[in-house]
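**Q** With the hints as your guide, set chains B, C and D onto chain A.
Protein chains in written order, with my numbering: chain A, 1 to 336; chain B, 1 to 336; chain C, 1 to 336; chain D, 1 to 336.
Honestly, I wouldn't trust all of these hints.
Any copy, or any two copies together, can satisfy a pair, since identical chains are not distinguished.
Unchecked claim - Restricting the straight-line Cα-Cα distance to at most 27 Å, the calculated cross-link-like pairs of lysine-lysine (BS3-like) are:
(1) 194 / 6
(2) 6 / 70
(3) 6 / 154
(4) 75 / 214
(5) 6 / 75
(6) 6 / 201
(7) 214 / 63
(8) 89 / 63
(9) 201 / 154
(10) 118 / 63
(11) 63 / 115
(12) 6 / 89
Hints were generated in silico from the structure; no laboratory data involved.
Protein chains: 4
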Amino acid sequence: MVIILKQSASEARIRDLIQWIESQNLRTHISSGDYATIIGIIGDTSRLDEELLSSLDIVDGVKRVSEPYKSSNRKFHPMDSIIEVGEEKIGGGHFAMIAGPCSVESREQIITVAKSVKAAGATMLRGGAFKPRTSPYDFQGLKADGIDLLLEAKRETGLPIVTEIMNANHLPLFEDVDVIQVGARNMQNFELLKELGKTQKPILIKRGLANTIKELLMSAEYVMAGGNSNVILCERGIRTFETATRNTLDLSAVTVLHELTHLPVVVDPSHATGVARYVKPMALAAAACGADGLIIEVHNDPARALCDGPQSLRPEQFEDVAEAVRQIRTIVCPQQ
Amino acid sequence: MVIILKQSASEARIRDLIQWIESQNLRTHISSGDYATIIGIIGDTSRLDEELLSSLDIVDGVKRVSEPYKSSNRKFHPMDSIIEVGEEKIGGGHFAMIAGPCSVESREQIITVAKSVKAAGATMLRGGAFKPRTSPYDFQGLKADGIDLLLEAKRETGLPIVTEIMNANHLPLFEDVDVIQVGARNMQNFELLKELGKTQKPILIKRGLANTIKELLMSAEYVMAGGNSNVILCERGIRTFETATRNTLDLSAVTVLHELTHLPVVVDPSHATGVARYVKPMALAAAACGADGLIIEVHNDPARALCDGPQSLRPEQFEDVAEAVRQIRTIVCPQQ
Amino acid sequence: MVIILKQSASEARIRDLIQWIESQNLRTHISSGDYATIIGIIGDTSRLDEELLSSLDIVDGVKRVSEPYKSSNRKFHPMDSIIEVGEEKIGGGHFAMIAGPCSVESREQIITVAKSVKAAGATMLRGGAFKPRTSPYDFQGLKADGIDLLLEAKRETGLPIVTEIMNANHLPLFEDVDVIQVGARNMQNFELLKELGKTQKPILIKRGLANTIKELLMSAEYVMAGGNSNVILCERGIRTFETATRNTLDLSAVTVLHELTHLPVVVDPSHATGVARYVKPMALAAAACGADGLIIEVHNDPARALCDGPQSLRPEQFEDVAEAVRQIRTIVCPQQ
Amino acid sequence: MVIILKQSASEARIRDLIQWIESQNLRTHISSGDYATIIGIIGDTSRLDEELLSSLDIVDGVKRVSEPYKSSNRKFHPMDSIIEVGEEKIGGGHFAMIAGPCSVESREQIITVAKSVKAAGATMLRGGAFKPRTSPYDFQGLKADGIDLLLEAKRETGLPIVTEIMNANHLPLFEDVDVIQVGARNMQNFELLKELGKTQKPILIKRGLANTIKELLMSAEYVMAGGNSNVILCERGIRTFETATRNTLDLSAVTVLHELTHLPVVVDPSHATGVARYVKPMALAAAACGADGLIIEVHNDPARALCDGPQSLRPEQFEDVAEAVRQIRTIVCPQQ
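Here chain A stands alone, though its shape is the one from the complex (with noise of 0.2 Å):
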């Protein structure tokens, strides 16, 4: 880290900068010039408040020459790290192709789903049993007996399931859930996070609505100090004064997010725009930046569209995205 200080900072001020920096167990390294006196900082920084320290009324500017994630960042990891979900694999040219409905309903509609979808391609079973709602008179999910649902499924068809979690005190219902999902607005429900990072189970992390990619590798950063590395980072869309679509889908974050970690990285197109026409050109275009997979709700029964989310696909339409995501990695990663 570096500091660089205003030229009208005294020299009191100055040591006592520096000797609290070096109370942190942290060296010091200062460099006078015409223009500017430049505190250089060696040792573990990822401890060190930035902001606090560029609001100093001697600072002009600080500069981290490290990233405060460790865990996650590419630079001491560089290979992508390949997520195993049961017998499928995610990352390092693993794609996955995650689908299923918004909610878990009946027996009837999960297994339905889950035979259609694994049919049409895909390669992991969503579908929510908590469901976290703005207003605390919707339907909030079966709960555990949607995760009991959930389990059956699997049986029936033999994909891993993916389902939300929003309380840890629930961590024993998850106990055979292949993928543990932390929704958006629990991106920074902290308490959760180092829950999860005492698991060894899969955690996948959804970005929140106002959250930078920066936070989203911090949030990974919780699971990961705790000991699980398996992360899979989520895209959903921010927000954003655009009202055409429910959020605004950031696929330059599958970009930047591959360039700073190894973790895998799957878009949720359907969560992102909120229309069902929407999902297929952006799940082609999530494809060719190169996302590491798709999650993508899918209900099946045609008379109860209604319930189902307005950004669901019917599974044949999910069948005609997943064929042509299959094309589209075929030019972009040709050798997988």
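**A** Just chains B, C and D now, with coordinates in the frame of chain A:
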């Protein structure tokens, strides 16, 4: 709720929709004109998902005639709520001046700050014991010990205490805390909100960085639906493209909230701006537009200023702010 | 347009409103129900100010049944528009590959780049002669000389040229320019748009940093209302809180625009990301979601790379992108 | 300016960079340490493009020690600028109360409003003659006739007039206008700003919807670099995800601007909120945080209220706001 149908909507699809609505225990009223067909829905529509209905391909638009928030809605409770906190009150003309350090660091620190903010006019003491930090490597607070020290400061000064909870499992530690704060990152941690709804403690909910005013009300609704009507709302800045301040303080939210809800609204200018010298003007502006209180960070030990947040005031600065706020309030609320 | 009135609206106020609407040469149709009174408005409501009506205290909400954009609306022109640019075409399956340097700097530079991008597959040459710069102290372009040099490059290579206008008074200089670009900062410079509407030149309008998709269409409408239907739209990133890329490329805008309008939509991944190594993945993603063209910055002289934008590709990199884009297009538009 | 190089930067690349910097008439000062190599740049670095340098692959970061705005910078002009407008002043303790209708509609309208706002305490009259409208089909103002009517109102009341320019070609019409307004959409219409820099008229520049505080200062710089130092800045809300108000009024911008520049800063609560009943609280908040003036929309004819903006106050409401603002100012600026 009113649904405006597209001119192209077929009779059969319209019939399906009406049938589904009526299956939700709601009555409908159809009105067909040259311009459009409209379905009026009568009954408790708070459970209907507006976004879902909007996205149906036969629907041109949906308008709620009633808001989805009930308990917090001023329509059903025209008088300002007054929340009692120990012997202090907030709302309905009662102004809360909440001050204290970012984090509780030591017995000496919290008691010294508590005494000095009390002398300067604070009516409650704030201080972080559990600290949500973006990085797992940053200081996470003194936790249970921090709460003990806050309670000691309360005994010494008589000031009620306000401190943040991050995990419902910690609730037993908050038994003697006067106001439990839900941080911006947990504003949509619905599991936590539900647990707080089972208590009778005043709950101060901070607006999330990317959350709308209506979503803040829906989070209040989670607490109130559980039976706890002691909710205080807090505007603390939203995330925008502007980087000159840490966040963008949205003071019009104070005015909008006063129109929509009877709950008191406080403003946190310290976290919103992130810069100590912007705290006074923003505190005065908040008082001028009718806020029911302020939360201001104050540190005490100039020699340790480095470790306090760059947004913290010294006690004498806080005293100056408190005095100016009192004067502003004589103009804005002359009768109180 | 449909106006939903509040239940509290008095007869007299409703009568006033109806009278006023009818004074605007529109007919009304009233429908009163238990739930709400609704005014349907028949006639050309594009001149009615939706925001104004929404804010009347007797109005609960307003819904447009028809969009305020007419000439650009796909409803009235279902087939894709194909814009002719010299012998090239764009839209309706014709893909434009526009490449060139950020600024025209010298005769040698622009001719060398023109030749190399042509060889690499470009169908048009871009280059800035008039440069909008945030700072008055920055290089503002070669201006008229820059346009002369672009025309020379056009004569040498046959490539049609695309360059930005900042002032309608400069129009005479653009007589031989093939496509006139309106930059993001001038998207709502309505005086400029009106003047461009009087020409028959293809006009490429870049989306403003904080402008919605609908506002972009309204700006196209300014040109088209003047009689010039040769409009090309360009997505180039919007301003959000994320700072990892210069702007956030909103690729869903391509899909939304294709639904709302018949005009061609191109994407500028160079300005959107601001980073050369992100250009290829974003170009492929744009092609995969159906964009009608790309605008890519290419510089030629490695020794002078410093002065070119950090987002510029070298010719051989551009060639690689162009080839991959062609392959993606064989999947997305197999028939072309 | 200070450039921090990556540890991996080769000698040769560093030498190239230094050579290029020195070719720009700047001197360099190199400092190599264990941690990083730093290049300090001495001379007028306002012409160096920070973004370009940041993106070089050998550069880890760039920090400006001096700001790119010069004429507007408080560092070089510590005293507040006081702009004279007829016999009125603004800045340095002089407060401007600017009021009037959204658009000039008729002789009677503008003269009646002018008289009533003058009686209520306005010090200047605003009114739109040239109206920037998102839709080409909306009313675009009375144009030259509107300016004539404003001048007539000025003769009748003595109030200086403030009105918007959209095209530098219209400047001759503005000869007797007292303050020329540049609207938010034209904040970065650099061609217009340059022409205004050639006059000596006070120029009121509104902040663009998606423009940072620093960009607003750079736009002021365009006018000032031309020789016109009579610039007034205006905060009028920025575009965010929140839709409860038309824009989000960023009052901290007032405070930040007062720190960075000596120019006066006014606030427009009418356009920022878009709702008449939010104007008073936001006006008081603006006064409380030190704004140098307010621009408030006032209409006069209740029967025609429909056609005035929903954000307009009636004269008696404006009088109430003006009186409360005066009281707030006695607290904030007791000596004036």
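**Q** Against the structure, test the hints numbered earlier, and report the numbers of the ones violated in rising order.
**A** Result: hints 1, 3, 6, 8, 10, 11 and 12 break, sorted rising.
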